[in-house]
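Asker: Here are the chains, one letter per residue:
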Amino acid sequence: MVSLESYLIVSAVMFITGVVGVITCRNAIIVFMSIELMLNSVNLSLIAFSAFLGDATGQVFVFFIMTVAAAEAAVGLAIIIALYRRKQTVHLDEINILKW
Amino acid sequence: MIEYVPFIVAFPLAGFIFLGLFGARIKNEKVIGVIGSGVVGLSFIFASIIFFNMLGLPAEERKSVVCFFPWISTYTGTSGSFNVNVSYLVDQLSILMTLVVTGVGFIIHVYSIGYMHGDKGFWRFFCYMNLFIFAMLNLVLADNFLLMFFGWEGVGLCSYLLIGFWYEKKFTGDAAKKAFIVNRIGDFGFILGMLLIFSTFKSLNFNTVFGLSYLMPVGNNTIFWITLLLFIGATGKSAQIPLYVWLPDAMAGPTPVSALIHAATMVTAGVYMVARCSVLYALAPVTLSIVAIIGALTAIFAASIGLVQNDIKKVLAYSTISQLGYMFMAMGVTAFSAGIFHLMTHAFFKALLFLGSGAVIHAMHEEQDIQKMGGLKKYLPATYWTFLIGALAISGIPPLSGFFSKDEILWSAFSKEQGSWFLWLVGVLGALMTAFYMFRLVNLTFEGKERFDSEHVHPHEAPKTMTIPLVVLAVLSVVGGVVGIPHVSVIEAWLDPVFEPAKYKLYSGYQSEDYLEYIMMLVSVGVAISGIYIARWMYVKNTEMPEKLKSRFSRAYKLLLNKYYVDEAYEAVVVKPVMKVSEGILWKGVDVAIIDGIVNGSGKLVSLLAGAFRKIQTGVAQFYAVMFMGGVLLIILWFLLS
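Protein chains in written order, with our numbering: chain A, 1 to 100; chain X, 101 to 742.
Hints are computed from structural coordinates only; laboratory data are not their basis.
Misleading hints may appear alongside valid ones.
One-sided excerpt, in silico: chain X residues whose CB lies under 8 Å from chain A [stated by the list, open to error]:
hint: 1; residue: Asn410
hint: 2; residue: Gln468
hint: 3; residue: Val720
hint: 4; residue: Ala721
hint: 5; residue: Gln722
hint: 6; residue: Ala725
hint: 7; residue: Val726
hint: 8; residue: Met729
hint: 9; residue: Gly730
Quick reminder that beta carbons are idealized off the backbone N, C-alpha and C, glycines included.
Let the hints inform the model, and build the full structure from the sequences given.
Answerer: This is the structure in structure tokens:
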């Protein structure tokens with residue numbers, strides 16, 4: 001039996017990896033994937049708590065989140081493609097006209 | 101009958117409202133004229149009915165108060181409660197004033213129908229005139245200071261509106277503003293006096309105030325201040341030194357206005373007010389002396405300016421100021437009935453003179469310079485004869501009305517305890533000047549050579565609506581004096597109950613030495629005749645004489661012609677500093693720097709802060725993410741620590 005702490009540690013590591021990815025990477029696709037990673041780390045901790053408490057609600061939630069995340073990933077990728085077509089780049093540094 | 105009093109006041113108000121609402125739509129001048137003067141005529145009829153009714157009553161029952169409706173009522177039961185009614189005090193003094201106001205007012209209204217013929221503001225003129233009569237009646241009939249003040253301000257407003265009646269010309273607007281502002285200074289004194297009365301007596305009602313003050317000792321300090329403040333109000337409204345400067349300029353208005361407001365009625369409001377408050381004034385001997393001295397100074401000062409003026413209406417304006425000075429002199433020496441008597445006769449002959457001058461100006465096509473007239477006698481016979489009667493009356497030739505009233509004042513100035521030979525001398529000198537300038541006016545206007553451009557100007561007699569009022573006023577100027585013949589003075593007996601309390605406080609049983617009185621009468625008649633003779637000698641016989649005098653005494657002449665440079669002095673001492681302070685401190689200092697500074701400063705502060713904070717919006721999405729993370733971490737940290 002794997003303890004709850006192990007799950008949560010894995011989840012935290014995944015989340016921090018995601019955050020670092022979002023903050024440091026310049027490529028929009030990598031940032032996007034890092035966000036997915038953060039989302040899934042949260043899913044993992046939800047499932048871990050759900051199993052630990054013997055309550056299925058958390059797992060049901062995770063299914064919903066995965067469904068929505070799939071749809072969101074499709075929209076997000078579409079936005080990135082549209083952005084690339086317009087600016088010929090996916091570097092976030094260069095996409096900064098929305099300021100001041 | 102006494103319950104009809106509100107009607108006297110209501111008719112002119114109705115006329116004002118009707119003409120104000122519908123006057124512009126009535127194209128027929130006759131209709132407007134009949135309505136405008138008719139309402140005043142009705143008031144006069146009602147006032148006469150009440151007057152004759154009062155005549156039938158014994159003296160004690162003649163005074164009555166008619167409450168119309170409560171105006172301000174803050175009844176708290178404590179000493180701070182403030183109750184004022186719109187109620188009218190009808191007594192010997194106020195009914196006399198009412199008769200003068202409505203009677204002379206009616207005559208002048210009728211005259212105006214002819215004078216204002218063809219003016220595009222015809223309805224507006226009658227509308228304002230009716231409002232004036234309404235306000236003036238409130239002033240004289242009020243039974244408390246506040247209602248009196250309402251009338252006081254009302255007549256000031258109408259004066260302003262009517263001086264600036266021909267508002268297209270700049271100088272009429274300036275004159276109107278000047279009149280209004282100078283009056284305002286005086287009114288400020290009146291307000292302060294009123295407040296002091298209320299804080300002293302806890303009431304503004306005449307009966308209460310006079311009843312309570314009657315119990316006070318003579319020379320009371322508070323009463324001194326009250327009377328002085330009220331007198332400052334009177335100097336503004338009645339054009340006395342130092343606030344007389346507005347009246348000569350007020351001649352910019354139509355001539356009937358000068359006759360009604362700036363000669364016969366409104367300017368006498370101050371005299372009436374002092375007479376009404378005679379009890380208060382009797383308690384303040386110092387104020388009485390001030391009143392007498394100011395009156396005497398004004399009488400001679402204005403008369404001396406009148407000697408050399410060339411504008412027909414300006415001469416009459418200075419004459420009015422001078423005659424008002426006589427009235428105040430009478431008030432100051434406690435000859436209250438003599439002052440009111442002169443007020444009445446002055447209303448007759450000065451209205452006559454102004455209306456006569458209006459007829460002359462009309463005939464000369466708006467020319468007012470008497471140097472450009474002359475020889476009008478044969479063109480305007482009716483105007484000439486009535487004007488001559490008016491001039492004789494004001495000069496004090498017996499048995500015309502002015503002789504009796506002026507002589508009564510001079511005799512009182514000499515014989516009363518509060519008077520002195522000095523006041524008498526000033527008065528006699530003033531009378532000499534009066535006779536001189538009036539006959540200078542008559543001679544330059546009607547006698548001698550025709551100095552106008554007879555090619556273009558064809559003088560013609562005024563229409564009947566103008567000459568009939570002149571004749572009526574001339575008759576009144578002749579016979580008006582009968583009521584005040586010394587020793588058998590009807591008017592003095594009539595007014596006596598009103599001034600009884602004041603007289604009681606003064607203990608002035610003066611010993612009149614009859615022979616002295618007759619000598620003085622002879623002196624004043626002699627003075628008047630010599631004034632007339634000098635004027636005739638200078639302006640008809642030796643017409644080169646004025647020029648000689650002019651060059652001989654050029655300094656004095658210039659001083660008089662420029663009215664002692666009083667306007668210029670006020671300009672330098674009062675107007676300029678006020679303008680400077682307003683511009684330098686109030687406008688550029690307080691308004692621009694402080695008030696605008698606060699408004700603009702808060703705007704600038706916001707834009708400054710915004711300029712600093714907007715740099716946060718870098719447009720780089722990851723920067724926002726970092727901030728977001730930092731925020732979340734801070735919140736978690738905060739939860740952990742607490």
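Asker: Each of the hints needs a verdict: does it hold here or not?
Answerer: Checked hints:
1. Asn410: violated, 76 Å
2. Gln468: Violated, about 73 Å.
3. Val720: OK, holds: Val720 of chain X within 8 Å of chain A, min 5 Å.
4. Ala721: holds, 6 Å
5. Gln722: holds, 6 Å
6. Ala725: Ala725 of chain X check passes; min Cβ-Cβ to chain A is 5 Å, inside 8 Å.
7. Val726: Where the cut-off is 8 Å and the nearest Cβ of chain A is about 6 Å from Val726 of chain X, the hint holds.
8. Met729: holds, 6 Å
9. Gly730: Violated: closest Cβ of chain A sits about 10 Å from Gly730 of chain X, beyond 8 Å.
The structure shown violates the earlier hints numbered 1, 2 and 9.
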